[in-house]
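Take the two lone chains, each set in its own frame, and fit them into one complex as the hints suggest.
Residue numbers (my numbering), protein chains in the order written: chain A, 1 to 400; chain B, 1 to 651.
By construction, these hints were calculated from the structure, which means they are not laboratory data. In this text, a Cβ means the ideal position worked out from N, Cα and C, and glycines have one as well. Check the hints yourself; a few may be wrong.
Said to hold, decoys possible - Pair ranges (Cβ atoms, derived):
1. A:Val-179 <-> B:Asp-118: 21 to 31 angstroms
2. A:Glu-123 <-> B:Lys-280: 49 to 59 angstroms
3. A:Ser-29 <-> B:Val-646: 45 to 55 angstroms
4. A:Asp-302 <-> B:Asn-411: 53 to 63 angstroms
5. A:Ile-258 <-> B:Asn-22: 47 to 57 angstroms
6. B:Val-584 <-> A:Lys-54: 52 to 62 angstroms
7. B:Gly-430 <-> A:Asp-216: 21 to 31 angstroms
8. B:Ala-455 <-> A:Asp-216: 23 to 33 angstroms
9. B:Val-646 <-> A:Asp-216: 30 to 40 angstroms
10. A:Glu-211 <-> B:Gly-430: 37 to 47 angstroms
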Amino acid sequence: MGWNIAKENFMMNASGVDQLKLRASMGTSGYDSVADFNFLTGYGYDLTYMMGSKQYNGVISTGLANPNLTWETMRIYNIGTDFSFFGRKLYGEADVFQRDRTGIPGQRSQSLPTTFGASLPQENLNAIRTRGFEVKLGTAGKAGDFGYDISANVSYNRSKWTYYDQAEETDPDRIRLYVNEGNYTDRQIGYLTDGLFASDEEAASWPISHEILNYDNSTLRAGDIKYVDLVDDGIIDWRDQTVIGKGSTPHWMGGINISLNWKGFDLSALIQGAWGYTIALSYDDNTSTYCQLYYDQFRNPDPNALVCRPAGAATNWGAFDYYYRDCAYARLKNAAFGYSLPEKIVNKVGIAKCRFYLGGMNLFTLSNISKYGVDPEATGTVGYSYPQQYTISLGCNIVL
Amino acid sequence: MLTALFTAVSCTEDILEQTPTNRYTDAQVWDDPFLIESHLANLYAMSTFMVNDALATYGDSPLNVDFSSAANWNYNLGMSVQGEGPLHTTELADEAKASERGEQTNYHSYKMNGIQQDSSCLRWWSNGYYLNRQLNHFIESVEDSPLSDKDWFKSEARFLRAYNYFSLVKRYGGVPLIEKEIPLDAPDEVMYPARAKEQAVWDFVIKELQECAEFLPAKATPGRASKWAALTLLSRVALYAGSIAQYGTVQLDGVLGIPSDKAEYYYNIAADAAQEVMTKSGHALYNGNKDKVQNLKDLFLVKDNVEAIMVKRHQGIAGQQSVDLWSWDICNCPKPNAWSVGQYLHVYYEFVEEFDFIDGKSGHIPAEELQSKPMTMDEFMSNRDPRLRAWVWTNGWSWPGAVGAPVFNDNTVSMYRGIRLPDGTDVIPGNVTGDGATYDGVMSFGDQMYEMVGAALLNPTGFCVAKCLDPDADNGNWFICSTTDYQIFRYAEVLLNFAEACFELGRPGEARDAVNKIRSRAGVAELDGISRDAIRKERYCELCFENHRYWDLRRWRIAEEKLSVDHHGLNFLLDWNSFVEYSVKNENGVYETRLDGNEQPMKRVPKFWFEITDERDSKTNDPVFPAKNYYLPIGNGTVAANPNLVENPGY
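Chain B on its own, in the form it takes in the complex (with noise of 0.2 angstroms):
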């Protein structure tokens, strides 16, 4: 009879107390060190290292409340946002133009009339408040766990928190600083955080980060966060501050910008930092190839090298749905690709004249000379800066599979936009079989140009991007199959944040040293004295599509006078004289490569013409930066979900 009663009374406390067999319980995650590694994997997956990491409509995760009208970009590009990663900053800054072609056009957009309000571009709040919420409870619950390294977990969840910080503040100006999780019973002025002041932001920010690179480790797993993480991440937090110091206004009681006198006191945190990786962390300039120009292909194609200090790897499996996923070549590779998806990015005319040439003399030729004469395109490159020629694919580059037939040789890549007769006449296509398409049999526009002459619309400018491509990559299936790894921090940057705080700090000499290493390790003539400007210059070429311009722009109070501009392309016209030297029409009418004088064909070597064009972004407007851009609209439903939120000015 007892036992019988025990037994009910047993049977009745398993029913009560299951464990859910649908999730983990908190308890048991914070019990067990691979669920919190688990965690914490999917917290660094949520974070913002390619400009908006957070995905459009991925069906499970709460984190996609700024994105929900980007639904289209979820098919189009297989949770594309952070799958193209820093395409869009790219395409909003001076380097490039977005091809006007799909979703493209919506980026393209925003470059010609701002981003207004309740825009959801570059958007960051919602997203960003959801993961400090988690970051927050990551790091008051990794307290009590049986980790054996808490230190470590911990201060890996703070940099991420500092990252996130960094990513608000950049984009808002000050905002409220939540450091603890809110509890649902919190008090009003908890529930209903205040802005706290930009400079409160960047504090903490820095505070956070130089207590944290305490902790982390000097060597870390690629794709986690190591002490030279913290501390590259610091110089450039610290110099972001001090240039909103020094060319930024106090608005809203200092919600926004940070007095002119704090200037040198971020600077000096910036130079310390970045010094501080110079000669301690072992990582340095990338130099694992002699030849120039493979060096700096190689520098982001080689994993795990001594320039990478922080990387988001990628595992590019088609049809896995996640944020280890990149679109990057097939995004901007040359044909073949598949769907002719490639080319989104069109590198400006002028950005490709910032490169010097390799004796130090101005890339910039006048438009007078540049337009006289035909030239090769090796004539036209190869003396230029080899990041260059590394980094930006242009008629003429070598591409496995591209067709360069019939007026270069196979595997090159031909986009010529017309062709120049003897007599002077152009011959420039309309569309891709009208008139024009073709002069004598010979296509009057080169491979790559097929989609843009055939859609009618496309302006490009003659130059695309190449940086990260891998030339292995599988373009042909599926869009997110790139599996190089992102630098998120590289030891370039470091030099470049250390150049221009010194100088800043009236340093010129270690400024100019920094500045020299990069130079000599891309091959042109190093600076012989520095300024402000060849910092800048500097800054530019060598992270150029890495997510930096268009925040450099703003936080130097310059993104209204470089952005509202007219930008320029070059087409190349074939020169006719140049490629009937090496062809030849046969007995069918067909031209075909010249013979040698030992039966070979010929190399085929064609000139062109250069023509500058202008109207690259709009035929009929130029593009603007308003300057309420240089702090994002917060937006209509979050302001007016929060009475103490103010809105930043102009919107």
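Isolated chain A, as found in the complex (with noise of 0.2 angstroms):
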């Protein structure tokens, strides 16, 4: 549903409105995240066996179905805008959007005695609600054989489950930490630390006791991470967990789009940069890159390091803040340069039109994590996931 305000007989005098409209509407679909088949029941191969000289390949139930699962059903609504005045001096969207999946399968979590002799089959019942914006905002025009489109764009998305069928928590602490309805989806449960030990005598005299170590710290060495006691009770367990990251999806996604021509040069580049996200560094002991780096820490631990004692303490495995990062960055992810011979030139020698250009990809990037030879995009293990390219093109379109 639109309401194009401009065409409004009572805008038509106000010269400045180029473009004026408001937009909203909802829209309900259905969602494929559903494995195939399973409102049937069924069998599949499972376990071998000999009868007689012959080797049977046996069959079993898949387990119980549920004939009513159905696709998720997601609902999005949205507002939005589109304005342009004073012939694109001033133009831009905004849109506020609301996303709600629903009958997302899941387990039951009520559990039946063993006796039933099967798991609960999947059921349509979580649900998701993503709420997000996007605004975009530009100008364009002209001055003399000066012209210019400048816009930055921004948005914003996280989802929350609205509901999760999951057991009844009563302790505090549980509830805080594994209740999923209510909270964002992708948050990181985990422990705080601070720091490694500097020292075996700093990491022997150490007041605190690790459930995970049987509350004996003499295996602790320097090198080894320092967990923070977060409900100070002397003792790090579950309990002393809280939410350390938010997701490697970046939640708030920027750019930059500049165009800019005077007479036959252009000047074209897009920044754009991300923030509000988490990546967990992790480095891969397998490539020479970073071996060094756990050798170092091995032969001679030190407080500052990057990772912690390799073949250290069985405390320094698990989720800690210690490898989470907070992202940000602003990358100029492609700018070119380009000039246009002057058509009456090149129209003699029947061509249309003859542009010289140099340009670059990923040309500079501004991030808090360059530091660790860490691409704010790359995925998963650092030395494994493709690195981003930085390229540099000269060249020249004829178009005849």
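Shown next, in the form of structure tokens:
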């Protein structure tokens, strides 16, 4: 549904308004995230067994099916506006949306006695609400031979569980950590840390004990992770966990698009950025790049090192914030500078257009994690993801 | 126009009514005899024929709920829980001890401390009911299938269900009896069942076996149940029920125990079922080889022999992952073998002494006499029950590839623990390289002891398990390569079930005759009289390492007495004098075998001193069988999920 205000009679005399439109929409659709044929009972291959000299490939029931299992339902609400004033001196769009996914398949938490002999089938149980907005503002125009079109955009979205079927929790810490309903879908739970132990003496005299080490700190050494006793009871156990990350997909994204021209010259650039996400630095010790890192830390534990002591205490494993970095970056994704020969000249030799250019990709990055050798757009273990390429190109476009 | 419309409609139907490509539908399976058979094969594979046949962490199988904590087993033994089969109940009983290496220490700890709440040891609850549901579904669905021999297939599933309830009741006592597949919308009393009385479960198993025996074929494909398998199981089940009535106590209003006046009823069923197998089945004791020792080895190696009533076959293809694989050979064989795995079971010396001498005299030699003089292994072993010589290997046993040098000839197991010098001092190594590892250049421990001495923590007993060992098995390659059939039921058990039931019914003559058939086949003197102890001893010896003893001790309620004791072993100390009789130092100072009159190397006939050693299970405390373990724990989580389920006493 839209309302094009600019075309209303009362706006006809408002000379500065090129376009002004309000939009609102709502849509419902199915969303197929359900595995094939899960609504049917069936049989799949399982164990082999010999009868006589023949080996049978046994088949066994794939479990209880829910004949009522359907696709999820996705409902989207959107309100937006498109506008342009004073001959695109100011133009833009703004949108606010909410997307409700309901009936996400899950297993009911109510557990049946094992005598039932099967686990419960998937049901359309859970629900996620995603909310976000997008805004774009720009200005375009001409001043003599100089033409410009500059715009910037920013968007945000994040999802929460609006319903999640799970066992009821009563312990406040368990509620804080494990109840999904009402919480972001991508929150990361883990331990806070206070760096690494600087010396064996510090580790030995540390007054806090670990449940995982059976309350015996004798295996802690310099270079091992120093946990924060969040609930302050002298013990590090599951209660000391908290939210330490917000997912590796950025919630905020933004960009600036620049396009300028003057006579035959043109310049364009795209700057993009994202923030509001967390990357877990994880260095593969099999790659030559990082093996030195581990080697140094093993030989001579450094409390400021990037990694904790290899083959160290049992507490050096798990989710803790030492490796988590809040990420933000801005990157000159691409830029190009060009010059087109005047058409009067090129037309004489039978060419419609001829443009020389110098362009580049990923030219420049500002990021708080670059110092670790990690690309902010990379995912997964460092050293495994395909790196972003830095390219420079020089060329000539000829249109006949 | 009309054509176009119809096309459109039929097209739409095709899209909406697709047949799955990633599974067989229920309808497809129950309409196809081959798929029904394949489903049945899977149900056989899931059954507890070899103690706990469930997989540790088999990827796609839902049948792993009881073993989630045992992830290591999978890696170490390649589907090892069922791969090893009866190894674990043997380790828990007074037959043998676990070798204290790797995962074997888990079972060792159960022997030392008993089975505690939420322990995964012998657990068969969730898996049992998972299987039960599948079997119920099979029994219901096969009715409407196009099979021409429905009654046969249905009876096989009922046999498996009876076996499954037998596995449950012998562990837990009374358990919920669920004979129909429970629907999701079942009322609470069905969904949250209480435990049936123990007697009701035994009666159910007995009734089912009596009925399905009528429809099972007299001759079944190996791997499947015959009429005789059902009757043999029936005799075992009724015998167990009889002893629980006789020796157990009724508790929890009958959820545990059977009133003692029912004992005779069950013993009669056991005797009758056994007698039917004895008179009608055509099965008999195996006697294919005149050599008694070889005959007793062949009994387990010759496929489809007359004694095997029901077997589980093993394909022996390395790298495959399923339950028709078995690691028995590599787990129990002497060196050489891959990764020093063998010798997982160390047989107690007390059990070795249970085997009589051939002339019927007790196998027990007073300690002073045994330790007074050196003997050759032949002098020690050759007059003993051939079953001991066939089913237990020890120092001096023949085994292809075993390194006997320098003390024995080739292909001989060498597992002496030290050297006794002429002046009476002993050279006993503490490790493989340090002081005492050699004496005058000769290793002071046998080749089989290498890992034990190297690990410096093992308390070997001097004897290991040879039953079912295949000398042709490939033990140098991969764990699960045994191709031997595991005999789930064999005729000797029928005779022993019959003997025990008859004795308890006051028919000692029949009991003695049955026992004497077994002794005569084995090659030991027959008995003149009979007693309860003699029958139990015969069962102990004849059915050793076959997953009987541990359960027998439980049903007789004598496990506390028999399993809460220290166990002994033997150390063999090479008599140096006998060694130098056939060995001489060459010019390099190395001992080599003397030459006889014909310039041929002399036969190496070493003598050993026998030293009885105690504290084989632990240097610090004795094993414990807590009385509560007569019924295993159902488990916290299981009880919590069903308010109508009571836990067994003591947990």
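Structure-based check of each hint:
| no. | hint | in the structure |
| --- | --- | --- |
| 1 | A:Val-179 <-> B:Asp-118: 21 to 31 angstroms | holds (26 angstroms) |
| 2 | A:Glu-123 <-> B:Lys-280: 49 to 59 angstroms | holds (54 angstroms) |
| 3 | A:Ser-29 <-> B:Val-646: 45 to 55 angstroms | holds (52 angstroms) |
| 4 | A:Asp-302 <-> B:Asn-411: 53 to 63 angstroms | holds (59 angstroms) |
| 5 | A:Ile-258 <-> B:Asn-22: 47 to 57 angstroms | holds (51 angstroms) |
| 6 | B:Val-584 <-> A:Lys-54: 52 to 62 angstroms | holds (59 angstroms) |
| 7 | B:Gly-430 <-> A:Asp-216: 21 to 31 angstroms | holds (30 angstroms) |
| 8 | B:Ala-455 <-> A:Asp-216: 23 to 33 angstroms | holds (26 angstroms) |
| 9 | B:Val-646 <-> A:Asp-216: 30 to 40 angstroms | holds (38 angstroms) |
| 10 | A:Glu-211 <-> B:Gly-430: 37 to 47 angstroms | holds (38 angstroms) |
Hint compliance for this structure: every hint is met.
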